[in-house]
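J.: Below are the chains, spelled out letter by letter.
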Amino acid sequence: MSAYDFRLCETALTALPSGALYWAEQGVLVVSDLHLGKSERIARRSGVLLPPYEVTETLSRLDADIATTAPRLVICLGDSFDDLKAADLAEDHALWLTRLMAGRRWVWIEGNHDPGPVDLGGEHRTELTLGPLTFRHIALLGATGEVSGHYHPKMRVAGQSRRCFLLDGARLILPAFGTYTGGLSSDSIAFSGLMEEGAIAILTGRKALPVPIPKDTP
Amino acid sequence: MRPLPAPFSNWFSARGWQVHPHQIAMLHRAAAPALLLVAPTGGGKTLAGFLPTLVDLAEAPRSGLHTLYISPLKALAADIRRNLTAPITEMGLPIRVEDRTGDTSYTKRQRQRADPPHILLTTPESLALLLSYEDAPRIFAGLSRVVVDEIHALAESKRGDQLMLCLSRLSTLCPGLRRVGLSATVEDPAAIARFLARHPDPCEVLTADPGPDPDISMLETEAPPPWAGGGGRYAIPDILAQIRRHRTTLIFHNTRAQAELFFRDLWLANDDGLPIGIHHGSLAREARERVEAAMVRGELRAVVCTGSLDLGIDWGDVDLVIQVGAPKNVKRLVQRIGRANHRYNAPSKALLVPANRWEVVECQAALEAVRDHDLDGDPRGPGPRDVLCQHILIRACSGPFAADDLYAEVTTAGPYAALTRPDFDACLDFCATGGYALRAYDRWQRLMLRNGNWTLRDPRATRDIRMNIGTITDAEMVKVRWQNRHGGAALGEVEESFAATLSPGDTFLIGGQIVRYVGLREMALEVTPAPGREPKIAVFSGTKFSTSTQLSERILRLLDQPDWPRLPAHTAAWLALQRDMSRLPQPDRLLVETFPAEGRAHLCLYGFAGRAAQQTLGLLLTRRMEEEDLNPLGFVATDYATLIWGLDPVPDPALLLDRAALRDGLDTWLKGNAVMKRTFRNVALVAGLIQRNHPGQRKSGRQATFSSDILYDTLHRFDPDHLLLQITREEAMRGLVSFGRIEKMLDRIGGRIDHVTPGRVTPLAAPLFLEHGRVPVDGAARDRLLEETAARLMAEAGLS
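Read top to bottom, the protein sequences are chains X and P.
FYI, in full-length UniProt numbering the residues of the first sequence are 1 to 218.
FYI, in full-length UniProt numbering the residues of the second sequence are 1 to 800.
The reader is advised that the hints may include incorrect statements.
To be verified - Residues from chain P that keep clear of chain X, each with C-beta distances beyond 12 Å, as calculated:
1. Ser308
2. Asn451
3. Arg589
4. Leu746
To be verified - List of simulated lysine to aspartate or glutamate pairs, EDC-like, C-alpha gap at most 16 Å:
5. X:Lys207 to P:Glu788
6. P:Lys74 to P:Asp103
7. P:Lys744 to P:Asp588
8. P:Lys349 to P:Asp317
9. X:Lys207 to P:Glu787
10. P:Lys677 to P:Asp713
Honestly, the hints are just simulated from the structure, not real lab data.
Bear in mind the structure is a predicted one, so any value in this text is a computation, not a measurement.
Beta carbons: idealized from backbone N, C-alpha and C, even for Gly.
Could you put the whole structure together from the sequences, leaning on the hints where they help?
T.: See the structure below:
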């Protein structure tokens, strides 16, 4: 099995190698930081014209995860769009999303890049609580049973840098799912106060691989 | 013949100096549209370039910019300013000389734009920036001469291509502009002349008296060189003896890592405490400047250095150059030798120190090439299109332009003289729309066509374009500095990829000191002193040159002799033993040995195609062996040979060398290859697809950027024929992948393959067993390595 099963607050969850989270018992698929429309936004703002294929690439990976898990609910954990203007997707991409949304509940959690509702259907929330778990964009200090995104964590092991989940007893932070997204090294300061002692990272790639997070250097 | 004007001849004679014939010749040809002077180091080249300007301004004083001087080094511009100021002041000439580089203050640069000096000394990048301003026509009004110094070095890189595009613009702004190039000795001056001249203007080549031949030989050492490896540390006692015997010695190394290791060991053996410094491109500017200043004051007896000292600055009293390691390239060797003895009519003295047995042969071949004045060099091919893309964006910053005009203008630049209109249009389209098969940016084009002229959609884009001017795309570097309680001072920089392999506590060498890595803070590696500790990791990669085609051919001819009286006895005996056991490689044949060793089947292929090509050959051959179920396990490559090991012997090496199959393998392999990704990053930076200096980018502490590898993968999947992928492929084939040299080798051997099965390791193959850089072959190795490491780490942390 290339996915990684674990428990958070007594809840059985699965980290998929793609960077999506699957909660099989409830039929929930969670992805974070899709940053759809990033190349369009960069073009609009700076004139730099990146290869305009990242929406297609991101949606095809999301499509694949939805096809394998057939979720009842999809939660996009914020920064789904690179900004609110970018939510104005090209027609074929909008249709593609509509097709993915058909027949299931779909929740857009708002993020710092997309702080308002979008015209694409689905529900729009600042956060969502399901049983013991709370889904929000940016982790809150002291929260438990929290699933969030925002930081785009990544980690370097054996010379290879991979996007990763970060997991401790209280929270899970998801990697960015969008194609054109960078990452923040998981041992960087942003997490040192956030993650408990003994936290692990789950690397994405061909296989979801758990590894310990190196301790802060004195 | 026009004599030298009186103030000048008086000035020369007051110093007891003779005007060189080539200096006078330059003055007589001052009206030529383009002129190339080829002169050895110390030949008064720079003065020759400036003499017509000084005479002109002395006889007809005027205001405004008269002459632009371009050098590849900032330091050289400053050096020249000091050297020019002396005669100008002493003759009381009404001439203002200023330099302008990235280090010039903002206020000074503003003033230079408003009120340019008579002579402006600058770099290609600073010139490109000046040309990007809307008031460029005013700044350059009246410019009549441009002097390009060290043009032989510029002509080898994209910096030179960019400069020639800038000159094409300058020639439009200043009709009648005359161009002068100053070059060290090169193999093909006519090619440099074509590079410099405004196409199709003629460009005369003036060759100064090259002076006496250098006094060059191989250093005789107490101990014979080792069988393999680099660095030449075995020769340290003999090198110290040479340093003691000379005033000032420059000790050149081919890589920064080797320079560091050598310097450390030299220092340990330096019982007399001779003042010796180290200088290379990874050291902090302050550290380099300290060494340079000490050199100029004559305080150092030796400097261990790399290519960072190849160019320009006059060091005064160097009387010996030592080249450690095979020179790889005869032309560079000759230029390095010229660093010794800047007095014109004295021979330069140089010693070669081969680092291993193979290099003894290469050094001997190089000595003979130097004596025969046989310089090497591969023609560079047409100007790269990523540089043209950047030029188009720079042109757009300075104002609207018509495509026809710009095409006509850029094709006057030597490297772009053969540029076709469709190729130009593709570059323009890339700049305007991104050039994607999917036309996604109609609303946000970077350049818009308005009233028949191309112009920036958003004028604010000029800022980003200007900040990204330039074609130097070194690997991402990370600064190294002392931890705060050790002063916080900068030590230098290391490649990001090297930094990523460090764990806290690891030690490495930089600036001749062993330091301990503590942690990463504000994008810099913090280190503490770790004296006396063995550095765990001593290497950070520098440029690895391949031995030139021409030098490789000389080596083959040298091997193909009945005996070797000019080689040291230990090396001649080694070659004779090879001939007894197997055969020697020959110029028009390919020697392939297969033999068992260490429980594995081995294949050694003596292609003499240079390190990069032998490396590529290793990758391609092991792929072919996989297909044939020959179970290859790994390989190692040097400039001369590739050694492959695996589970099964190769029955017929000729089958593996089928040209079409190799090329097929190349295309598949290249797709996911790290070399291609690195090349793509450079191309994307130069062409303006990604930016290096994004304002405020790193302030948040959170990297907003993502790896250019993602862009490469995306383009490859969705737009494989995109312009930037075309450029990337061209560049990799010529450079790091070097497939061209593999094809040349196949041409050379013409199917004549000598397959020898000696039954055991041969003398020539033996050193390859000791080489570093063994490459494992296993498609699944990457994933398996990662999984094993992850499992081990989990177990160690008690988490599994």
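J.: Look at each hint and say if it fits the structure.
T.: Against the structure, the hints come out as follows:
Once the 12 Å rule is applied to beta carbons, Ser308 (chain P) is consistent with being away from chain X; the minimum gap is 28 Å. Non-interface status of Asn451 (chain P) relative to chain X is upheld: no Cβ of that chain comes within 12 Å, the nearest being about 20 Å off. At roughly 40 Å, the least C-beta separation between Arg589 (chain P) and chain X is larger than 12 Å, which holds for a residue marked as non-interface. The non-interface label for Leu746 (chain P) is consistent with chain X: the shortest C-beta to C-beta separation is roughly 34 Å, beyond 12 Å.
Taking the CA atoms of Lys207 (chain X) and Glu788 (chain P), the gap is about 13 Å. The hint holds against a cut of 16 Å. Taking the CA atoms of Lys74 (chain P) and Asp103 (chain P), the gap is near 8 Å; set against the 16 Å cutoff, the hint holds. Between the alpha carbons of Lys744 (chain P) and Asp588 (chain P) the distance comes to roughly 11 Å, so the proposed pair stays at or under 16 Å and holds. With a C-alpha separation of about 12 Å, the suggested pairing of Lys349 (chain P) with Asp317 (chain P) holds against the 16 Å cut-off.
With a C-alpha separation of about 9 Å, the suggested pair Lys207 (chain X) and Glu787 (chain P) falls inside the 16 Å cut-off, and the hint holds. Our distance criterion of 16 Å between C-alpha atoms is met by Lys677 (chain P) and Asp713 (chain P), whose separation comes to about 9 Å.
Hint compliance for this structure: no hint is broken.
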